[in-house]
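K.L.:
Sequence:
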Amino acid sequence: MRTQSKITVKAWQSPGILLEKYDYTSGTVEPLPKHSHDEYQLGLSFNCQGEYYYRGSYNPIPIGSLSIIHSGEVHSPSQRNSLPTPVSFLMMHVDSNLLKTITSEIACKRVSFPFFPQVSIRDRQIISMFQELYIPETKRLTKLERDSLILDLFASLIILHAQERPSIQIPKIVKPAIARVRDFIQCHYADNLSLKELANIAGLSSYYLSRSFSRGMGVSLSAYQMQIRIDQAKKLLAQGKPIVMIASEIGFYDQSHFALHFKRLVGTTPGNYKKEQ
Numbered sequence: 001m002r003t004q005s006k007i008t009v010k011a012w013q014s015p016g017i018l019l020e021k022y023d024y025t026s027g028t029v030e031p032l033p034k035h036s037h038d039e040y041q042l043g044l045s046f047n048c049q050g051e052y053y054y055r056g057s058y059n060p061i062p063i064g065s066l067s068i069i070h071s072g073e074v075h076s077p078s079q080r081n082s083l084p085t086p087v088s089f090l091m092m093h094v095d096s097n098l099l100k101t102i103t104s105e106i107a108c109k110r111v112s113f114p115f116f117p118q119v120s121i122r123d124r125q126i127i128s129m130f131q132e133l134y135i136p137e138t139k140r141l142t143k144l145e146r147d148s149l150i151l152d153l154f155a156s157l158i159i160l161h162a163q164e165r166p167s168i169q170i171p172k173i174v175k176p177a178i179a180r181v182r183d184f185i186q187c188h189y190a191d192n193l194s195l196k197e198l199a200n201i202a203g204l205s206s207y208y209l210s211r212s213f214s215r216g217m218g219v220s221l222s223a224y225q226m227q228i229r230i231d232q233a234k235k236l237l238a239q240g241k242p243i244v245m246i247a248s249e250i251g252f253y254d255q256s257h258f259a260l261h262f263k264r265l266v267g268t269t270p271g272n273y274k275k276e277q
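Residue numbering for the sequence shown is 1 to 277, as defined by UniProt numbering.
Take the hints with a grain of salt, since some may be wrong.
Once the Cα atoms are required to be at most 25 Å apart in a straight line, the calculated SDA-like pairs of lysine to any residue come out as [unchecked claim]:
#	residue 1	residue 2
1	K143	D254
2	K143	S220
3	K143	Q41
4	K21	K109
5	K263	K172
6	K109	S194
7	K172	K196
8	K172	S104
Derived CB-CB ranges, DEER-like [as the list claims (entries may be wrong)]:
#	residue 1	residue 2	range
9	G27	D231	33 to 43 Å
10	R122	A238	45 to 55 Å
11	G267	Q131	24 to 34 Å
12	R122	S88	12 to 22 Å
13	Q239	S128	34 to 44 Å
14	P86	L32	10 to 20 Å
To be clear, the hints were calculated from the coordinates, so they are not data collected in a lab.
Only a predicted model underlies this, so the values are computations on that prediction, with no experimental measurement involved.
Glycine residues also receive a C-beta, built at the ideal position from the N, C-alpha and C atoms.
I would like the entire structure built from these sequences, with the hints used as guidance.
P.N.:
Printed below as a string of structure tokens:
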């Protein structure tokens, strides 16, 4: 008698998206029936050739490619009933209104839901961003880092792979708006700021603010906030404050999270920096 495959699922939720990681052991599996979702579905298989019945035909999904299923479209995955070796893959369910909003922000006008004609794509940059949302360190991302990563992922997907690709508007550097956001981050660097919150302060869309700030300041919003935090940490270390207290005071989850970013930006650990003062 053949052994049934054991399935392990890990799930994370972020505004507008549901992330899932599936791990199957070798063994028999029960194929899923045809179905549809209100959300867009993105998938990435690490070690198994996939297949989708989608829009009336069967489509192979090569290992390492990103599959894209449009919201509301009937589909079903591979009808294989056994796995000779273990299989791992990632899934993401994306609120259709989130993609519609990002498409409208890119085009600077109201548009419909984006449609992706290719069932699977090979785009290293997009796949890298997709995977970055799943790595363990993602749980330590600030809201601003997470929001920016999600925006960059979907903006790239829409601009490069949608059937109707919005023309890219080079954002003007809106100095008063950038100044308001810059000053707000300087005063609230320890807070877990969101991109939407900063966009409201600027009076701009999230996409436009993100691009305009990067052009005007030379760094992204999340990088600017992190630099302010580390600059403040250096002052507190020089004053002799305990590292664990500093980590909490400037907005890090824990001491290891603080040390990770401090070394990345300063080149040494907080402990070594403190000794040298």
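K.L.:
So, for every hint listed, does it hold in this structure?
P.N.:
Now the hints, each set against the structure:
no. : hint                    : in the structure
1   : K143 x D254             : holds (16 Å)
2   : K143 x S220             : holds (14 Å)
3   : K143 x Q41              : holds (23 Å)
4   : K21 x K109              : violated (35 Å)
5   : K263 x K172             : violated (34 Å)
6   : K109 x S194             : holds (23 Å)
7   : K172 x K196             : holds (19 Å)
8   : K172 x S104             : holds (17 Å)
9   : G27 x D231: 33 to 43 Å  : violated (54 Å)
10  : R122 x A238: 45 to 55 Å : holds (49 Å)
11  : G267 x Q131: 24 to 34 Å : holds (27 Å)
12  : R122 x S88: 12 to 22 Å  : holds (19 Å)
13  : Q239 x S128: 34 to 44 Å : holds (40 Å)
14  : P86 x L32: 10 to 20 Å   : holds (19 Å)
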